[in-house]
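Given chain S, put chain Y in place with the hints provided.
As they're listed, the protein sequences go chains S and Y.
Residues in the first sequence are numbered from 1 upward in steps of one, following the UniProt record's numbering.
Residues in the second sequence are numbered from 1 upward in steps of one, following the UniProt record's numbering.
Rather than coming from a laboratory, the hints here were simulated on the basis of the structure.
Treat the hints loosely; a few may be bogus.
[Claimed, not checked] Here are the simulated lysine to any residue pairs, SDA-like style, with alpha carbons at most 25 Å apart:
| id | chain 1 | residue 1 | chain 2 | residue 2 |
| --- | --- | --- | --- | --- |
| 1 | Y | K433 | Y | L790 |
| 2 | S | K116 | Y | A466 |
| 3 | S | K116 | Y | L790 |
| 4 | S | K116 | Y | G473 |
| 5 | S | K116 | Y | G407 |
| 6 | S | K116 | Y | R459 |
| 7 | S | K116 | Y | Q467 |
| 8 | S | K116 | Y | L468 |
Each chain is listed here by its residues.
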Amino acid sequence: MQLRSVSRTYGSGDTVVTALDGVTLGFPTGSFTAVMGPSGSGKSTLLQCAAGLDRPTSGSVLLGGTDLTGLSGTRLTLLRRQRIGFVFQSFNLLPSLTAEQNVALPLRLSGRRPAKGAVRDALARVGLADRARHRPSELSGGQQQRVALARALITEPEVLFGDEPTGALDSAAGRRVLSVLRGMADEDGRTVVMVTHDPVAASFADRVLFLADGRLSGELRAPTAESVAAGMARLEAVSC
Amino acid sequence: MLSVALRTLRTRWTAFAASFVALALGVGLITMMGLVLASSAHAPQHAPERFRAAPVVVHGADTLRVRTPSGVRTAPLSPPRPVPAGLVARLGRIGAVTADRSFAVSPAGGPSGTNGSARAADRTGLTGHPWASAGFAGYRLTAGHPPAAPDQVVVAGAWAHPGQRVALRAAGGTVRDWTVVGTVAALPFERAVFFTGAEAARLSPASPRDVVVDAPAAAVTAAVAADPAATGVRVLTGDDRRLADPDRDGDHEALVTVDALLGTAGGVTCFVSVYVVASTFAFSVAQRRREWGLLRTAGATPRQVRRIVHAEALVVGSSASATGCVLGRYGAPRLAGALVQRHVAPVWFGIGGATWPYWTAFGTGLLVALAGVWAAGRRAGRVPPAEALRDAAVDSNAMAPGRLLAGGALLLGSGYLAVSALVADPGEVLHRKTYTVQPMVLVTAAALLAPLLVRPLARLLAWLPAQLLGATGMLAGENTATAVRRTTAVAAPVLVSVALAGSLLGTTATINAAKAAELRGRTGADFVITAGGAGFTPATVARVAAVPGTDTAAFAATTVHTLEDQVALTGSPAEAASPAALATVTRLPVVAGRLGDLDDHGIVVNQEWARHTVGQYVRVWLGDGTPRTLRIVAVLRQGTGDNGAYVTPANARGAAVDRIDVALRPGADRTTAAASLRNAVAPSGGLVLTDRQWVAAQHPTTSRQTRIGFWLVLGIALLYTAIALAGTMVMATSERTRDLAVLRLAGATVRQVLRLLGAEAVLAVTVGAVMGAMVTGVDLAVVRVALALLSVPGPVTVPWAALGAVTGTCAVVAVTCAVVPGALMLRRRGPAPVRA
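Chain S extracted, bound-state conformation (with noise of 0.2 Å):
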């Protein structure tokens, strides 16, 4: 997956607020990259902008020679279904669905049949196999999270993002998580990319992009809690 000077502007004439700034990187497939950086510095946009669910204003997006920024919104919302995983800080699970149909809603959207044990095995992949017939409001924030991971994985995404996806999480919860995350890179090769604020889950990731003022500020490989810690102290001190 690659960005090429992406650039994300919200608002028009003096109110103008530049997000991303001719942002160009890449993310190589099978890799786990964590985004790191102070409010306001365009993390959020970064990962909207590269999952497709917000356009860029200039800049293209590029999965695996597709260019996003090209195509129509069904296309895009197609594409976003077939190629793309997402979890976010709310699990943003249908709250009417048991565990297992929200697992199964990506396929059915798309009109296929979930194959056989397809949803039991997602759901087994993150420990919830016991919990399928559970209603989100049955189940802890952990719990909750791990089915949202399951939902994503269910499509065999290229790309899997997540935002803050451990934020809600207290951090047995959250490290359980971090390692479905970390398998996911690791066995099934698929490219996993995060926006998180905690130094600890970022060092699960094999690098860290460090981000400021809607640029790339720089980037930590193999990190560690304590590096990672670090390298934020840095950036805030500066950006304050």
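Chain Y alone, transformed into the frame defined by chain S:
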């Protein structure tokens, strides 16, 4: 608190729009009906018309007066009695006397020969009078001269001109040609034709009903009082002369009809508007649980939350009620105009200046709004502060205990009503009052208990679509079944409309079908001959009876009055016929006694009568007011009711034969007989029908007013359902931003989301329609059981077309109001992720 409420109203106006519209419309309708009712209660005493230029009018007895322990009871006489000949002669000695006769005249080939209803005939028909009485109504010649020979007439209006020959049938006689010799300007209350006095007396030989005397009123009154035969005769002067005007009875009946119609419609409006306002308010309060939680977190006490809800209702209620009063002010004259145009109200009917309808309607509106939010406010006050922090979840307690209790009580109540009516008096179930009120009780019960049924029904209905490949069926099913509150808010109004339509129309159709089956069973005739407005002359009856190979029974419609429980003077329809003819030509369901025993001292009654034992004596007043004590010789089965009694012609003096049943003797040829019968009645304009044709012609017996009333009721119910649906759907959809965004994130296209919204709307409407059909089924079953208990055959008639139309309308409204706001919302937002 009021300022908080006002600010909330400004920002969340969509949530209140439905309540506002429903309330304003309800108050508008109530104002309108109140104004019309006020005007009918104080109907202007219109000035005398027919005798406005007459000094003193002596009016034949037209009212039966019976003294009872609780006062004098009255009933109209049919036909009214003429002024006795002896009295006319006596009056002639004190002043100049002019007799007025009124009799039906129809253009040849006109109404009396066609299959038109009697009412239509009355309206298009002409009224004959002697020329001498023309001046009392103010008629003046505009051309030509008065009639001087038996074949000369003067007509009112411009439909004929002097010198023209017109073919007319007068007073049920044969068609003849008359020469128009003059014209007068038409007056609004009748279409007059004037004959010479002698010709009028020849055409309508019964003594005159009104006699104008040119003498002092006191002398006339004394003369009438001195005549022993003049019981009930009235002397009319001044404004009282309007009592002799032609459509007096019609006016009175028309106003009673208007009152009944508007009373029913007003009742339904109150019922439905309370329901809709309460449910839309409750829904908007329930939708804002999070907001109440936030207020509670910010330190508001439950009491304060409740006060905010009440303040909102007060603001919405008073502004909507004021709007409604203005609507009613402009609507009332239009309603009155429409009632006059449809011949429901008399021509002169108009809106008076009463102010109480405004206050009543305003107060009702405010009360409805406050009553509607009372329960919702209590529930809002009980929302715990933590609610603000919780995610929207599946509705768990849509069924409040109070609701369950009220619904259960009403269900038991309606069950009790139905069973007790069936046990005590099945005929009661077939009365209009019963079958319009009972469904409402059951409908209310069902609407209250709807949350219990919504979940299983939605799952059942969505089971098949959910098996399909796509996500829509599964999602729609789950969303509908879990969002019990939202689904109920949509399904309950649909339930009300469908159940009212099904029950009211289905019950009348079923009863009509049963009446037709009953009529078919009772008619032993091969042909039925019906007369136009004036009935058959004895000569015609004799000609029909002389047709070879047939047995005939001539019937004259009359009325028999009885005093029930010493207080109520009840008029029962009765037929006068000869006993021999009854026994040979009809197949009346006799349960006791013998029809052949009927004589001039006897009567055949049915089981509806308070006394119905053969051999008992019953005190009656005949149609002309004569008191008689008759012996019950036979008792007929009650059947669907109102099937009437039978007396001999001697006990129905003055009633003209209006129907002749003809049975073929064995071996007689049908075609020949039909032709002979047609020949026999041709000169008098009777209509020869086969038994089937006749039963079919009697079939649409639901009166026009009843039908207008039902359509009015249904229209109101449907209108309110549409308002409730639109309000609920718009509110519900705009509150589902999050759900829809999540769906989009899960990969749904805009089209898929909109299809889902549409499918959910259709599913919720279907749930309501199924519940409505269930209520209809119960109501129709009760009617069918009642008919079975009365041993009347006939099918249960379900008004599928009306049910389909109501459901379809609801579905269209619901889908539109779900999909359009959904589409706007999706366009605004795009697929961006949502945060809590």
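Hint check:
no.: 1; hint: K433(Y) with L790(Y); in the structure: 19 Å, holds
no.: 2; hint: K116(S) with A466(Y); in the structure: 17 Å, holds
no.: 3; hint: K116(S) with L790(Y); in the structure: 61 Å, violated
no.: 4; hint: K116(S) with G473(Y); in the structure: 20 Å, holds
no.: 5; hint: K116(S) with G407(Y); in the structure: 45 Å, violated
no.: 6; hint: K116(S) with R459(Y); in the structure: 23 Å, holds
no.: 7; hint: K116(S) with Q467(Y); in the structure: 15 Å, holds
no.: 8; hint: K116(S) with L468(Y); in the structure: 16 Å, holds
Violation of the numbered hints given earlier is confined to hints 3 and 5; the remaining hints are satisfied by the structure.
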